[in-house]
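Asks: Here's the letter readout for the chains.
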Amino acid sequence: MHISHIVPWLVVPLLATASLLGLSGPAHAADGDPVVRVGTEGTYPPFTYVDPRSQQLTGFDVEVIKAVAKKAGWQLKFVQSPFDAIFPALDAHRIDVIANQITINPEREARYLFTQPYTYSHGVIVTSADNDDIKTLADLKGRTAGESETSNWAQVARDAGAKVKSVDQFAQAAALLVQGRVDAVVNDNIAVLDYLASTGSTKIKIRRDVEGEVSKQALAFRKSDKALRDQAEKALAELRADGTLRKISEKYFSADVTVPNSGKVKVKGSDTRNTAEVVRDSAWPMLRGVIVGTIPLTVISFLVGMVIALAAALARMSANPLLRLPSRFYISVIRGTPLLVQLFIVFYGLPEIGLKIPSYPAAIIALSLNVGGYAAEIIRASILSVPRGQYEAATTIGMDYAQSMRRIILPQAARIAVPPLSNTLLSLVKDTSLASVVLVPELLRKATDAASSSTEFLPVYAFAALYYWIICWLISLAQNRVEARLERFAV
Amino acid sequence: MTATTSSLIEVRGLHKAFGDQEVLKGIDFTAEEGTATALLGPSGSGKTTVLRSLNVLETPDAGAVRIADASIDFDHLPDDKSARRREIKALRARSGMVFQSHNLFPHMTVLQNLVEGPVLVQGRAADEAEVDARRLLEQVGLAGRESAYPAQLSGGQQQRVGIARALALKPQVVLLDEPTSALDPELVGEVLSVIRDLAQQGWTLVIVTHEIRFAGDVADQVLFLDDGVVAERGGAEVLTDPQQERTKQFLRRVLEAR
Chain V
52 MHISHIVPWL
62 VVPLLATASL
72 LGLSGPAHAA
82 DGDPVVRVGT
92 EGTYPPFTYV
102 DPRSQQLTGF
112 DVEVIKAVAK
122 KAGWQLKFVQ
132 SPFDAIFPAL
142 DAHRIDVIAN
152 QITINPEREA
162 RYLFTQPYTY
172 SHGVIVTSAD
182 NDDIKTLADL
192 KGRTAGESET
202 SNWAQVARDA
212 GAKVKSVDQF
222 AQAAALLVQG
232 RVDAVVNDNI
242 AVLDYLASTG
252 STKIKIRRDV
262 EGEVSKQALA
272 FRKSDKALRD
282 QAEKALAELR
292 ADGTLRKISE
302 KYFSADVTVP
312 NSGKVKVKGS
322 DTRNTAEVVR
332 DSAWPMLRGV
342 IVGTIPLTVI
352 SFLVGMVIAL
362 AAALARMSAN
372 PLLRLPSRFY
382 ISVIRGTPLL
392 VQLFIVFYGL
402 PEIGLKIPSY
412 PAAIIALSLN
422 VGGYAAEIIR
432 ASILSVPRGQ
442 YEAATTIGMD
452 YAQSMRRIIL
462 PQAARIAVPP
472 LSNTLLSLVK
482 DTSLASVVLV
492 PELLRKATDA
502 ASSSTEFLPV
512 YAFAALYYWI
522 ICWLISLAQN
532 RVEARLERFA
542 V
Chain U
8 MTATTSSLIE
18 VRGLHKAFGD
28 QEVLKGIDFT
38 AEEGTATALL
48 GPSGSGKTTV
58 LRSLNVLETP
68 DAGAVRIADA
78 SIDFDHLPDD
88 KSARRREIKA
98 LRARSGMVFQ
108 SHNLFPHMTV
118 LQNLVEGPVL
128 VQGRAADEAE
138 VDARRLLEQV
148 GLAGRESAYP
158 AQLSGGQQQR
168 VGIARALALK
178 PQVVLLDEPT
188 SALDPELVGE
198 VLSVIRDLAQ
208 QGWTLVIVTH
218 EIRFAGDVAD
228 QVLFLDDGVV
238 AERGGAEVLT
248 DPQQERTKQF
258 LRRVLEAR
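These protein sequence lines are chains V and U, in that order. Going left to right, the first sequence walks through residues 52 to 542 as this note's numbering numbers them. Going left to right, the second sequence walks through residues 8 to 265 as this note's numbering numbers them.
Everything labelled a hint here was simulated from the structure, so no lab data went into it. Take the hints with a grain of salt, since some may be wrong.
[As the list claims (entries may be wrong)] Looking from chain V toward chain U, a few residues come up when the C-beta cut is under 7 Å (computed):
#: 1; residue: 292
#: 2; residue: 332
#: 3; residue: 334
#: 4; residue: 440
#: 5; residue: 447
#: 6; residue: 448
#: 7; residue: 450
#: 8; residue: 453
#: 9; residue: 459
#: 10; residue: 463
[To be verified] Simulated restraints on C-beta separations:
#: 11; chain 1: U; residue 1: 25; chain 2: V; residue 2: 392; range: 37 to 47 Å
#: 12; chain 1: U; residue 1: 85; chain 2: V; residue 2: 374; range: 56 to 66 Å
#: 13; chain 1: U; residue 1: 196; chain 2: V; residue 2: 539; range: 23 to 33 Å
#: 14; chain 1: V; residue 1: 527; chain 2: U; residue 2: 196; range: 40 to 50 Å
#: 15; chain 1: U; residue 1: 244; chain 2: V; residue 2: 440; range: 46 to 56 Å
#: 16; chain 1: V; residue 1: 539; chain 2: U; residue 2: 227; range: 25 to 35 Å
#: 17; chain 1: U; residue 1: 28; chain 2: V; residue 2: 392; range: 18 to 28 Å
#: 18; chain 1: V; residue 1: 374; chain 2: U; residue 2: 25; range: 51 to 61 Å
#: 19; chain 1: V; residue 1: 535; chain 2: U; residue 2: 85; range: 40 to 50 Å
#: 20; chain 1: U; residue 1: 262; chain 2: V; residue 2: 535; range: 46 to 56 Å
All C-beta atoms, glycine included, are put in the ideal place defined by N, C-alpha and C.
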């Protein structure tokens, strides 16, 4: 099951709870030079994307928020997040503003504060080139549409009677359409034009505009952050007056989309590289994801997890119910719930009770607790498989519990535990990819960035798979060495 | 327990039940320093449970055990857990144990098996403990095998290391739980001869065994257990001239099986 299918089911209840509890309040520094955290996809060209050449976050929305920050005297910190996680991140005070072509609608206005619009655009219906059945919005009734679950366009498609298939980003929706897995995509005309210009694809085409009025996109803030919104509002007005907004728009679209009725938009395409260039350009960013994300997440979580596992295993075998029962409960919960849910609870859930943990530590906490629960049972089984006579022999030479564990039981249990623990470690390497949903810039996140800007899914994800495989292969080699070392006494 | 007694080991009124199965129904005996006591009896008679009560691998339900100056009264165990642990530790320190299946530490060499207790538990200097260990290995005929792992030794050699490990702690009593039962017949002799040497050197031994002839050779005292009680006791003559019908039957069965 794809992550994006699960996200809304988790996010919506979290949102509801957050609003019921009325837990909101500015998390950013209000005095001095405030650091304002900007939530943006980074996978929605030409509005917000990672430039394939420079590897810098850029795009129309990114430039607009930078210009706003300059006027308002903010320091910016960009946080990349899948679209469906952006509003939860705002609610959880992980970001302070969303700059991601957020369309103003009544539902959102009820929950969030918006600035004046900085984009006027309209939606288009896109189908495969050979599909002539869908001509109007009404024809979507009973068909499937590929959309970001919580986006405005998903709502438009749903209102028209379409079944929405969830995607993480526009490039995935376009891929589903090309592959014939959905009948249509409703999205912003500029985003679609960028896709067509970037890929040169003739397999899909814009069928027609979505009827109805022009949609307006603006910066979104928490209701409690009125002061921050007012600063942005003032800055936007100034940028509009001095022509900066128009200049940014013309750079990207050869037209001014910051006012109604912009006229003909021309998009040159944010990414026109061929496959070899895409692979070459993505190799280093993905390797960085491995070095700063995947490997440290794996190593730290495994080490912390082992400590937790040993403690939980010993507690689980204790005669004292005050140790045994909590340990059993912990192991049962960890093994009985998906890691993804655990990650969401730590990252999105805990802030609602006042525990706000940054994404990297949050990922380490969730992964460590997860590994700890599984490894605890492995360690327990390994300890139990050491013959009873070994305890007795240790006892009769006068060892206490700690001494016999450390000197006699655990060294023998280790030998039994190494193969299953290696399995756990290999799983962990791959499970770190889930940390991408809590915004850790690890390998999968980097691969997704590369895939979405280039729409070259096969080479990019194959490359990512190769990285994972190499890491796991190296671990297997290490496992053989450790096993050989621990086997030395068994003839 | 009185301090006036001169016996090294004193066991009084031991009772033990596993569930509703009563395996010890009141065991009393004493053993003098430098003697060998053989515990015999059919399987299920409780002889191994008696032996394991002497170092509290089994906790009797009632009765008392004393070895030298360490004693535990199981009728009046201290309520305080750490006090109870101290009592048990003190009693255990008086004895060394040889197991039926040797229970050597497989991840340690022969030498490490011997010095582990003296160094880690008794806090003796490693080099001094090693000298002692080498001497003990020589005594049990295993000089030169110090750096072997247990799995590289024969069953008889393993059991001889097991005996040396028990002696390395310099205990006042050596407890042997069927030390030859798990061995191939041709390996039994070498282990028995080591134990015979111990008896001659004046170690105080308590042996659970099925080797009747060996028991007759070595034992100063024979206790014949049946159904949780001492059915007959005496010197080695119990084995050649038993008075009780149960003892006679048992000896007949065992000797015929040979």
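Asks: Is 18 to 28 Å a correct range for the gap between the Cβ atoms of residue 28 of chain U and residue 392 of chain V?
Replies: 49 Å, violated
Asks: Given the hint of 25 to 35 Å, is the C-beta distance from residue 539 of chain V to residue 227 of chain U inside that range or not?
Replies: 44 Å, violated
Asks: Can the suggested window of 51 to 61 Å be confirmed for the beta-carbon pair residue 374 of chain V and residue 25 of chain U?
Replies: 26 Å, violated
Asks: I want to verify a distance hint. Is the separation of the beta carbons of residue 85 of chain U and residue 374 of chain V within 56 to 66 Å?
Replies: 23 Å, violated
Asks: Do the numbers back the hint for residue 450 of chain V, that is, is its least Cβ distance to chain U under 7 Å?
Replies: With a minimum Cβ separation of about 6 Å from chain U (threshold 7 Å), the hint on residue 450 of chain V holds.
Asks: Identify whether the interface hint at residue 292 of chain V stands, where standing means a beta carbon of chain U within less than 7 Å of its own.
Replies: This interface hint is violated because 79 Å lies over the 7 Å limit.
Asks: Given the hint of 37 to 47 Å, check if residue 25 of chain U and residue 392 of chain V actually sit that far apart at their C-beta atoms.
Replies: 46 Å, holds
Asks: Can the hint on residue 332 of chain V be confirmed by a CB-to-CB distance to chain U that is less than 7 Å?
Replies: 51 Å, violated
Asks: So, as I understand it, the hint says residue 440 of chain V touches chain U; can you test that by seeing if any CB pair is closer than 7 Å?
Replies: 4 Å, holds
Asks: Given the hint of 46 to 56 Å, is the C-beta distance from residue 262 of chain U to residue 535 of chain V inside that range or not?
Replies: 51 Å, holds
Asks: Look at the Cβ atoms of residue 196 of chain U and residue 539 of chain V and judge whether their distance stays inside 23 to 33 Å.
Replies: 32 Å, holds
Asks: Evaluate the given range 46 to 56 Å for the C-beta pair formed by residue 244 of chain U and residue 440 of chain V.
Replies: 35 Å, violated
Hints 1, 2, 3, 8, 12, 15, 16, 17 and 18, counting from the list given before, are not met by this structure.
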